[in-house]
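Peer 1: Protein chains in written order, with my numbering: chain C, 1 to 264; chain V, 1 to 218.
Be careful, since some hints might not be right.
Pulled a few chain V residues facing chain C out of the computed Cβ check, cut under 7 angstroms [to be verified]:
{"no.": "1", "residue": "S107"}
{"no.": "2", "residue": "N124"}
{"no.": "3", "residue": "S174"}
By construction, these hints were calculated from the structure, which means they are not laboratory data. Using N, Cα and C, we set each Cβ at its ideal position, and we do this for glycine too.
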Amino acid sequence: MGEAIVVTSGKGGVGKTTTSANLGTALALQGKKVCMVDTDIGLRNLDVVMGLENRIVYDIVDVVEGRCRLNQALVKDKRFDELYMLPAAQTKDKLAVSPEQVKDIILELKKEFEYIIIDCPAGIEQGFKNAIAGADAAIVVTTPENAAVRDADRIVGLLESANLGSPKLIVNRIRPNMVKSGEMLDIEDVLQVLNIDLIGIVPDDELVIKAANSGEPTVMNPNSKAAIAYRNIARRILGDTVPLMQLHQKKGMMTKMKKFFGIG
Amino acid sequence: MTAKSLVTIKGVKDGLVFLLDDKSDFSDVLHDLRAKLEHTSQFFSGPIVYVDVKLGARSVVDEQKTALVEILRQRGNLLIRSIQCDAESKPQEKGYQVQTLTGIVRSGQVLRHEGNLLFLGDVNPGGLIESTGDVVVCGALRGTVHAGVNGDANAVIVASLFAPTQLRIADVISRPPDEWGVKQAQMEYAYVREGQMQIDKVAHLHRIRQDLNMFKGV
């Protein structure tokens, strides 16, 4: 049996879909058999970020309404043989499926895949309930902004009451320079409020936007800092101990020497 | 007549004591009382008599008390001196009662509580604790606390890390002004004085709440 992990945040635009795409791909990079499930019915994005939009034939609503078998709706990734995606419908809304139906689909997928990454829509209504219905664990994504942290806190509370306690936290889009100057919340501030385990931090990286637009997950680009961060998170999901990324630039050789001679 | 009378009238040296049964329905007791007063009309029509009413373990609401007084007033010579019940004195015997709860009150969550609350954990922004009594937060108070919800303006709010979004005591609402800001290692509390929310360090709590004062011996 595989493990189903829901990626959620409450607030929109903090990077749920980007995180789902990159974690799914990073797990596949580690040789795992992975299926990503987009539950954002009506506003599907995961296929776009993954560059698989033009391969969709059936979607999750077709599966629920019996127009196709689950296997027919799965879209195979163009880069990895062991990476699949179950797309959301674009024409319906969240009420087109019920939590029980999603639960059944996830249960079916768990027989075949090692990891199921569920991309949750923003909000706390039906879409959220659908997304968490079949999940075994949850990852909460937030950015270092008060509004995002507030919503993440709400989500953590809802996850706890849905018996998805001890969710893991990803702090996304950190700008080290702004944190340093005190303009941005630092990770400690976020953790103090949310009180959940941190599973990774992802620096803000322009390459992420570029990658998402070209339908190529960032994680494929080893030059991107965000890619390294996502790979680290994937390894932590697999149980490895990976130290947190050092966000501040290391001092150059000259600075070190100057400091050594006491003139820095 | 019922086998056991619901109202017993005793004469004491300076008046009468009415002992009302505390097990049966209050309306039955009133009925019995009314019947008694009517049947013994001569006895109660003399000079002014002081009356003490004892309710036993029954606690009565104001309307019930009014109904009782109405009946006794029908006799012009009965002057009610006191209405006592054992229940009233009970809470004082128990002293200051507090219930302890643990957890985190997260955004969107509401913790409603009757009585005094000792909360071990954080109250996050967007979270709310409502209590009829005092609220003590052993942890970070970043959300909202409403103490004395039913109008008890003597209630206080105490927190280890005092950084609330908003505070309410009875019907007084206060937003923390900037100068409240979290000071280092200082536990604070909020109370109402002359209709205004005041903040003070917790070591001064005993000054306004004598009932919480602890006898430490000499």
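Peer 1: Work down the list of hints and note, for each, if the structure agrees.
Peer 2: Hint-by-hint comparison with the structure:
no.: 1; hint: S107; in the structure: 4 angstroms, holds
no.: 2; hint: N124; in the structure: 5 angstroms, holds
no.: 3; hint: S174; in the structure: 21 angstroms, violated
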